[in-house]
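Colleague: Chain by chain, the residues:
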Amino acid sequence: MQLTLNDMSDFKVLGVFASIMLVTITATAQQTDDPAVEAGDMAPAMSDARVGLAPGLFDAGEAIWNLGHISTTQPPEQFVGVTNSDLAFMGDYAIQGNYNGVLIWDISDPAVPVLVKDYLCPASQSDVSVYENLLFVSGEGRGGRLDCGTEGVQEAVSADRLRGIRIFDISDIQNPNYIANVQTCRGSHTHSVLKNPDDNENVYIYVSGSAPVRPAEELPGCSGMMPDEDPNSALFRIEVIQVPLADPSLAAIVNSPRIFEGLVAPPRHGMAPDDVKAIEEARAAGAFVVEYSGRQAVLPDRYVAGLIESFLESQGKEGPATAADSVAFREALPSIFAEMMGGNAEENEEESDAPDPGPTQCHDITLYPEIGLAGGACEGYGLLLDITDPVNPFRLDAVADSNFAYWHSATFNNDGSKILFTDEWGGGGAPKCRASDPPEWGANALFMLNDGKMEFQSYYKLPAPQTPQENCVAHNGSLIPVPGRDLFVQSWYQGGISLMDWTDIANPIEIAYHDRGPVTDERMEMGGSWSVYWYNGLIVSSEIARGLDIFALTASEYLTENEIAAANTVELAYLNAQGQPTYRWPNTFVLAHARLDQVERAGALGADAISELRQGLTDAEAMEDDSRNAALMALVASIQDFGNARVLAAALAIAALAG
Amino acid sequence: MFALTQPLWAQDQDSLEALYWQRIAESRSHFVQAEVDFMTGMIAHHAQALVMSALAPNNGAGPAVSVLAARIINAQKDEIQLMQTWLRDRDQPVPEVHAGGHMPGHAHHHMMPGMLPEEQLDELRNAHGAEFDRLFLTYMITHHHGAVVMVRDLFDQDGVGRDEEAFRLASAIHVDQITEIARMETMLED
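Here the protein sequences line up with chains A and B, keeping their order.
For what it's worth, my numbering labels the leading residue of the first sequence as 141, then goes sequentially.
For what it's worth, my numbering labels the leading residue of the second sequence as 20, then goes sequentially.
Just so you know, the hints here were simulated from the structure itself, not pulled from any lab data.
By construction, the Cβ of each residue, glycine as well, lies at the ideal position given by its N, Cα and C atoms.
Check the hints yourself; a few may be wrong.
To be verified - These stretches of chain B come out as covered by chain A in the derived footprint (C-beta under 8 Å, 3 or more residues):
{"hint": "1", "segment": "33–43"}
{"hint": "2", "segment": "53–60"}
{"hint": "3", "segment": "84–93"}
{"hint": "4", "segment": "98–111"}
{"hint": "5", "segment": "131–139"}
{"hint": "6", "segment": "171–179"}
Claimed, not checked - One side of the interface only, derived from the structure: several residues of chain A facing chain B at Cβ under 7 Å:
{"hint": "7", "residue": "ALA194"}
{"hint": "8", "residue": "LEU197"}
{"hint": "9", "residue": "PHE198"}
{"hint": "10", "residue": "ALA200"}
{"hint": "11", "residue": "GLY221"}
{"hint": "12", "residue": "GLY281"}
{"hint": "13", "residue": "CYS362"}
{"hint": "14", "residue": "GLU519"}
{"hint": "15", "residue": "GLU740"}
{"hint": "16", "residue": "GLY743"}
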């Protein structure tokens, strides 16, 4: 290496910096420059019906698209003005956490939810989960009491404090019976219930806590020291609680796996396929490509000439450069560039004697027991965990992303080939969907899962700008079981709820939404949808300030009646969104019709062929057993080409109807 | 008996809304002095992070540090506003922060953990390119560690945390800064 930083003027180096920045991060840096960018920069979205909604607590303006709003039910008096949080479902009941306790709603008539129990037992965040006759509730805040008292806990160290998991027996749903606690060192911000398919004796609770560690005087053994100072540190681990179903009062922590161990500087997620393609095209066209902080960028032409000149000088040559010089330059470029960027390894290592700490906790873990995987959203990382042994989860992969402030939660698609993570930038109490906030920040990041590795594909952020009076960022959601498609309904706090279609993972789009104006236009007051989950044909949202919202899908150019009806054939006995169930569709005529609708949308068969198949299905449905089977098999046989996946899926759905 | 100017359900709704605002007001009456001191101090602490981050565009910061600095400005400005609102809601004196993080009359807040003395700020002001990146990350890690210590000290005190907004804010600062420290340490190693 002949060329050094001294060979070039500072001006040149700065110029390269600036250009690379433009190439690699485009508008991001510009948009966040102070002063803030005018809202007009998001011109296409300004016509969105969600812009300019009137403020109000119970009478805010609303905008809705491709959803039907079935009901809004305000909180009961003892709970109004206190944060509504997460949701779980069992049978006809929606169980809504609230910082003052738990609300149990009978939603068998979704137009008129009936409050069957308001259980006063304050603790934030009151994250809720269910399993059979058990209800689990998270306590993290310092005011949570073992006796459910409302007076809080004043002392920094107190025997009255509960931070961890409360366990209730809800065999009699109108009278929950508080049967046990498991105290944890950092409390429970969230938790996830794991039912292993091979273990019918126990369920397991993975506890995530993000608040500071409790003093050992309050809970013996708790240590907030670094692990090299105290191997029993409560940092850098999660807790696994085993709940014996025969006697849940014996629930206890059985392991504190350090799933972050050895997590040294994982690469940021790779570039999006489109970016990779652009780089490859530029490279093919003869452009010079450099790498900076693990990302590739095309070196702007105007710097190439200067660099080649300096390179030739360093070789004791004079221009113009020959083809051989150009080849030599291309080979030397990575090290030239590394040196320009101050990549002097020895110098940098002086600063990094301390072990890389990695994340100290997860915010939330989504378990998908049927595929043996979990997605851990853990501070600065998204983790993929193997959970086939519930007590001993271990890490398969980790990704980081400079656009992600705080990995918040994860959701797999139904067949386990994709995973999405959300970034709760600003913690949920800040307005991060303003027109000036970059679309990659506080968004979803979407990944393909390939052989236990996560491969980044794209971002998705609520496409409508929100006011500074509205806390807004990516939050909780669940899959909607439309067969053959990946649909995700999601809370964006006061950004409302947004339904994302991520079937085409490189190009996710919004296909439905609901939004309200801010709680007030005088200031930012916490509100909006904390969680929204699909449950047995309903889309149920826990609204922080307004109560319980219930919606249903409506047909649109993006979703047919048949697809909605097919989704509604999926029936769950219970749902914890962070213990993801596999959706399975019973063989129904409406499923076959939904598949045909998808063939039509994909343009995979001609209109006549589709029309004949539809008619054939309708006719077959009216027939008796044997003739029906024959008619169905004849329909399958009439399909000429199964080469298209949508056509194949439709044929299989029709064939499955033949007894 | 009743002069029904609006339907009954609307009356119920109005009284429920009144209760909502009453409860929000109540929730802002359980604070303690330690939380007031924390908010006041953290505003000054964050303001210095703004001063440091505002240097990035003109001091030749690399792409990664540029993004980080832009994010710190966005995040900490919002948090400063939240903390100012928190103080205002509780009739406490509200420190002002001017554009770029400068605070009138608060030139020497160096008693707080992680605050940079003026010499280090000057050193950063005079650094360029890769040297700026290295110094920025090094000093910002120290600065963030200070904020983490401030949150832990806060939570060691009696009476703290009944105020839900204070708990939420302090917890968010705690976890954000820990996350960012890890990211910056990774960047330093790159």
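Colleague: Hint by hint, note whether the structure agrees.
Modeller: These are the hints, each one checked on the structure:
With 8 residues bearing a CB less than 8 Å from a CB of chain A, the segment 33–43 of chain B meets the requirement of three and the coverage assertion stands. For the segment 53–60 of chain B, the stated coverage by chain A is not satisfied: 0 residues place a CB nearer than 8 Å to a CB of that chain, which falls below the threshold of 3. Closer than 8 Å: that is the beta-carbon criterion, and the segment 84–93 of chain B has 7 residues meeting it against chain A, so the requirement of 3 holds. Residues of the segment 98–111 of chain B lying with their CB closer than 8 Å to a CB of chain A number 3, which satisfies the three-residue condition for coverage.
Counting residues of the segment 131–139 of chain B whose C-beta sits closer than 8 Å to any C-beta of chain A gives 0, which falls short of three, so the coverage hint is violated. Only residues whose C-beta sits within less than 8 Å of a C-beta in chain A count toward coverage, and the segment 171–179 of chain B has 7 of them, enough to reach three; the restraint holds. For the restraint placing A:ALA194 at the interface with chain B, the shortest Cβ-Cβ distance is roughly 15 Å, beyond the 7 Å limit, so the hint is violated. With its C-beta approaching chain B no nearer than about 5 Å, A:LEU197 sits inside the 7 Å limit, and its interface hint holds.
Residue-level restraint check for A:PHE198 holds (minimum Cβ-Cβ distance to chain B is 5 Å; threshold 7 Å). Because the closest C-beta pair between A:ALA200 and chain B is about 12 Å apart, greater than 7 Å, the hint is violated. Interface restraint check for A:GLY221: the shortest CB-CB distance to chain B comes to about 3 Å, inside 7 Å, so the restraint holds. Nearest Cβ of chain B to the Cβ of A:GLY281: about 6 Å, under the 7 Å cut. The hint holds.
Annotation: interface hint on A:CYS362 violated; nearest CB of chain B at approximately 13 Å, more than 7 Å. At about 4 Å, the closest approach between the beta carbon of A:GLU519 and any beta carbon in chain B falls short of 7 Å, and the interface hint on this residue holds. The closest approach between the C-beta of A:GLU740 and any C-beta of chain B is roughly 44 Å, which is over the 7 Å cut-off, so the hint fails. Against a cut-off of 7 Å between C-beta atoms, the interface hint on A:GLY743 is violated, since the closest Cβ of chain B lies about 41 Å away.
In this structure, the hints that do not hold are numbers 2, 5, 7, 10, 13, 15 and 16, in rising order.
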